[in-house]
Amino acid sequence: MNKPDPIKRVSLVCAKGGLEEVYPALILANGARMEGIEASIFFTFFGLNAIIKKTHNNLKVATVGNAALNLAMPMLKMPITMPFPTIIGAIPGVSNFATWLMKREMEKLDVPPVGEFLEMIDDAGAEIYACKMTVDMYGLKMDDFVPQVKEIMTVSEFYEKSAGAEIIFT
Amino acid sequence: MATREIAGITVEIDEDGYMADHTQWNIEMAVILAKEQEIEELTDRHYVVIEYMRKEFEENGTGPSIRKLNKQSGVSTKELYQLFPGGPAKKAAFIAGITKPHGCI
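Protein sequences appear in the order of chains F and U. Quick note: to get this note's numbering, add 966 to the position in the first sequence (first position is 1). Quick note: to get this note's numbering, add 3 to the position in the second sequence (first position is 1).
It should be emphasised that the hints constitute simulated quantities derived from the structure, not laboratory data. For every residue, glycine included, the Cβ atom is placed at its ideal position computed from N, Cα and C.
Covered stretches of chain U, as calculated for chain F (at least 3 residues, CB under 8 angstroms):
# : segment
1 : 57 to 71
2 : 75 to 82
3 : 88 to 101
In silico PhoX-like pairs for lysine-lysine, Cα to Cα no more than 20 angstroms straight-line:
#  : chain 1 : residue 1 : chain 2 : residue 2
4  : U       : K81       : F       : K1116
5  : U       : K93       : F       : K974
6  : U       : K74       : U       : K58
7  : U       : K71       : F       : K1069
8  : U       : K74       : F       : K1074
9  : U       : K81       : U       : K71
10 : U       : K71       : F       : K1074
So that you can see chain F by itself, here it is in the shape it has in the complex:
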């Protein structure tokens, strides 16, 4: 039996802007480049948070309405099965604490903060795009974005750029 062809290009779509929602796209893009796979990330809707100069280094972990926070319980020396009540997540400072905790754990694994990560994947040759429709909706301009953003493009341009790529919605 023939081995399936290796993946040559990936186009990632990042539509959410929580810290734990942005990291997967960044890690997949970087990992692709490490394997010699061409990669791009199309940031859209709340995902734009990750590439705006003023916000990209202040992304937060959502502690309200996040039913999977039990996964973080072992970091607090509690069982992984223990649910995290959303009402506690609403207390001021709890989201900041969860964010700090996640950043600390990521640092231990040598995962860089978002700003440094964007530089790294740009240097690695991945391409970073912002979605035109949502850029217009939020009233943003090219100047509002980190310098690694290569282009603001429409959905149709995104599909053109993604010719031959696997499109992955993170």
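Mind docking chain U on chain F? Use the hints.
Positioned in the frame of chain F, the structure of chain U alone reads:
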């Protein structure tokens, strides 16, 4: 364990084809392994990466992440991709005679 010959010496290799015992490695092998990865000539900058990877492997039992390599060896991400096109961490590990890196970063 499988073996192969590199530069006239029989060495052990793992299932991915990487050298299983980094102490068997020498510079002549690096040149041959580099050609297999389509790198025709190893420059001083390649050797900076190779030496750093071997040092890291000896200390920690695994190759470094790209981020650590940037910060500690002084070779930037851009340069690393130029030196080892198409998969820097894996190619550099292969040429440096250490096992395939297991990190995701």
